[in-house]
Amino acid sequence: MTITTVTRMTGGKTTPIGMTVAPPERRMGLSDLDGFGVDEELEGIFLANFMSAFATHERCGVHLYRMAAGLTQIPEWREKYMEFEDHTKDHLRVLERLIERLGGDPMYVSPQARMAEFVATKLMEPILLEGSVDPLTLELTILEAVTLAERKRRLNWKLIRELADQMRETISKQAMQEAVEQVESDQDEHVRWAETAWLRMVMAQVM
Amino acid sequence: MGFNPLAEKGIPIEKQLRDWSELNVHPYDKEQVDPYTRTRIITMNGVEIESIIFSRQFARRTDNQEIKRALALTRRIEQQQQKAVNWLTPGEETTLEVTIGYEQTAVDLTAYIARAEPDPYLKQTFELGLIEDSDHLYRYANLLALLEGKKAERITGPLTEIMPGRPTVAEHRHPFDDIRAHYDKNTVDPLSRLHVMTITAAEQQTLNFYMNMGARYIEPLARALYLEIAMIEEQHVTQYESLLDPLESWFQQEVYHHYNECYLYHSFMSQESDLRIRAIWELHLNMEIEHLRVACEMMRRHEGIEAEEILPKELPEPTLFQEDKQYVRQVLAEQVELRTVRTQFVPLDQLPEDAKYFEYQDAVNGGGFAPSERVIEEQVNASGDDYRFMPEGPHPVQGLRRRAPQN
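Chains as they are written, first to last, in the working numbering: chain R, 87 to 293; chain Z, 16 to 422.
Errors might be hidden in some of the hints.
[What the hints assert, rightly or not] Per the computed footprint, the stretches of chain R lying under chain Z, defined by three or more beta-carbons under 8 Å from a beta-carbon of chain Z, are:
{"id": "1", "segment": "92-98"}
{"id": "2", "segment": "137-151"}
{"id": "3", "segment": "198-211"}
[To be verified] If you only want the chain Z side, here are some residues facing chain R, beta carbon under 10 Å, derived:
{"id": "4", "residue": "D193"}
{"id": "5", "residue": "W265"}
{"id": "6", "residue": "G319"}
{"id": "7", "residue": "I320"}
{"id": "8", "residue": "L326"}
{"id": "9", "residue": "P327"}
{"id": "10", "residue": "L330"}
{"id": "11", "residue": "P333"}
Calculated directly from the structure, the hints in this document are not laboratory data.
Since the structure is predicted, the reported quantities are computational estimates derived from the model, not experimental observations.
Here a beta-carbon is modelled for each residue, glycine too, at the ideal position from N, C-alpha and C.
Model the full assembly from the supplied sequences, consistent with the hints where possible.
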């Protein structure tokens with residue numbers, strides 16, 4: 087089963103900074119993170135924190151699609167949302183596997199991931215203002231949220247691709263390349279579909 | 016396998032409304048009641064009120080009719096639950112007697128929670144508050160002796176010691192020093208979250224009670240003591256609410272509120288000695304199971320998160336009321352001089368000279384004798400000694416042992 091919400095029960099760990107505290111056994115030390123992508127002499131801590139945020143984007147993506155599929159009144163869109171939810175779960179599994187291959191822990195939730203979740207959940211909040219908009223506006227707003235989320239996720243994968251392109255021939259490079267190849271076309275399709283659907287719907291209202 | 020409210024069938028929400036006679040419950044007999052039955056009532060009253068206040072804030076953040084209706088319906092039932100719980104308190108109990116019950120609740124609830132708390136930082140936070148509430152019990156007990164000529168131990172029974180804690184006069188901290196770091200939602204033990212929510216609710220209700228009832232007194236000393244301790248309760252609520260992770264969404268918090276109510280009704284049912292009141296806990300548990308289901312459904316629909324993803328497979332070990340005298344003594348002995356600087360705990364003798372603590376102390380205590388000190392002096396003057404109930408022996412802190420009468 088894909089874990090789309092990290093908690094203590096799933097093995098969640100963090101690096102408490104600023105106003106956050108965590109029990110000692112749940113803290114990820116800097117030395118734990120430093121080994122991330124070590125064969126490439128990468129900035130392991132930075133990359134581990136970033137990859138954790140990427141995983142959070144994928145998890146929030148699953149939540150977003152679930153919510154969108156449940157709310158939309160357009161059957162074609164519902165079908166797509168459900169299909170993309172399944173893709174996103176696959177992407178999350180690919181990303182978690184990549185994190186493991188780079189020497190990380192997929193259940194690590196970095197401070198960057200917390201911020202990623204904070205921003206991502208704001209994309210779900212249009213429903214709170216449902217009472218003062220027409221149904222079409224709500225549909226479009228949710229689709230816009232999907233578009234924004236997918237663009238960000240595609241950017242994440244693009245970064246992994248570019249990193250891999252500049253690496254020496256190492257296990258980390260190979261792991262990154264293999265991961266990107268599994269998701270790239272889906273990501274492109276998601277963004278393309280969301281943008282096209284949005285354009286069509288808006289154009290249909292105007293012309 | 017333990018109890019999992021997600022796997023239970025509650026009372027359908029449309030069947031939960033009760034008529035006036037069902038809500039206007041027969042109060043307990045103040046002479047016969049188990050002190051811990053009283054503290055359970057006080058706790059659940061606060062927990063229901065917190066849930067209501069949260070629901071109100073949530074409702075003000077949305078105009079979605081489906082969400083607002085779901086919140087309004089559950090909230091109406093919660094209001095009924097609060098009435099059924101709080102109306103167990105008899106009118107014969109004076110405000111001060113009820114206050115003693117509140118402080119016994121604060122001491123023994125916080126002690127149990129602090130002892131059971133797995134996170135060291137949260138535990139330390141609970142312990143900081145514990146010995147302050149312990150002192151409030153002592154101050155109010157002396158006011159009770161002065162104004163009503165009664166011994167507080169008749170209310171608390173032999174379960175809780177009444178003795179000076181961290182002196183109230185020393186508890187006044189700058190607001191910046193009452194804000195704590197918070198747990199992280201991805202790593203927090205489910206029990207810790209319930210602890211924080213429970214303590215926040217209980218302290219908030221204590222604050223509400225003092226800030227309203229304190230002004231109902233004619234006696235200047237009573238008015239003064241209530242306002243001083245109400246200000247500490249403001250500090251405590253500031254402290255405990257800051258432990259909550261703000262990353263938990265509105266929908267998730269709604270779920271956690273009802274999960275905590277399930278947890279506490281289930282906990283209290285397990286140890287309630289009064290069968291009539293046990294039946295209320297059981298009824299409310301069956302109502303809360305349904306409230307939880309409604310909240311989980313909203314979270315699933317609007318956030319795409321299944322309840323099973325964020326809630327444990329079974330309720331954690333129960334929170335109970337039980338004697339914790341030795342623990343309270345130990346914390347007192349070790350931490351009476353503990354203070355805070357921002358989110359950190361610092362011994363008094365290590366506070367920097369320019370600490371905000373001293374600035375705030377000067378501001379609030381600078382005008383003369385603090386009411387919490389005056390109540391003891393007046394009791395000593397009136398009866399030759401302060402009132403204490405210490406069956407476990409001398410005070411664990413040398414400097415707080417009984418002093419000779421002033422005159």
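inquiry  = For each hint given before, does the structure comply? Return the numbers of the non-compliant ones in rising order.
reply    = Numbers 4, 10 and 11 - these are the hints that the structure violates, sorted from lowest upward.
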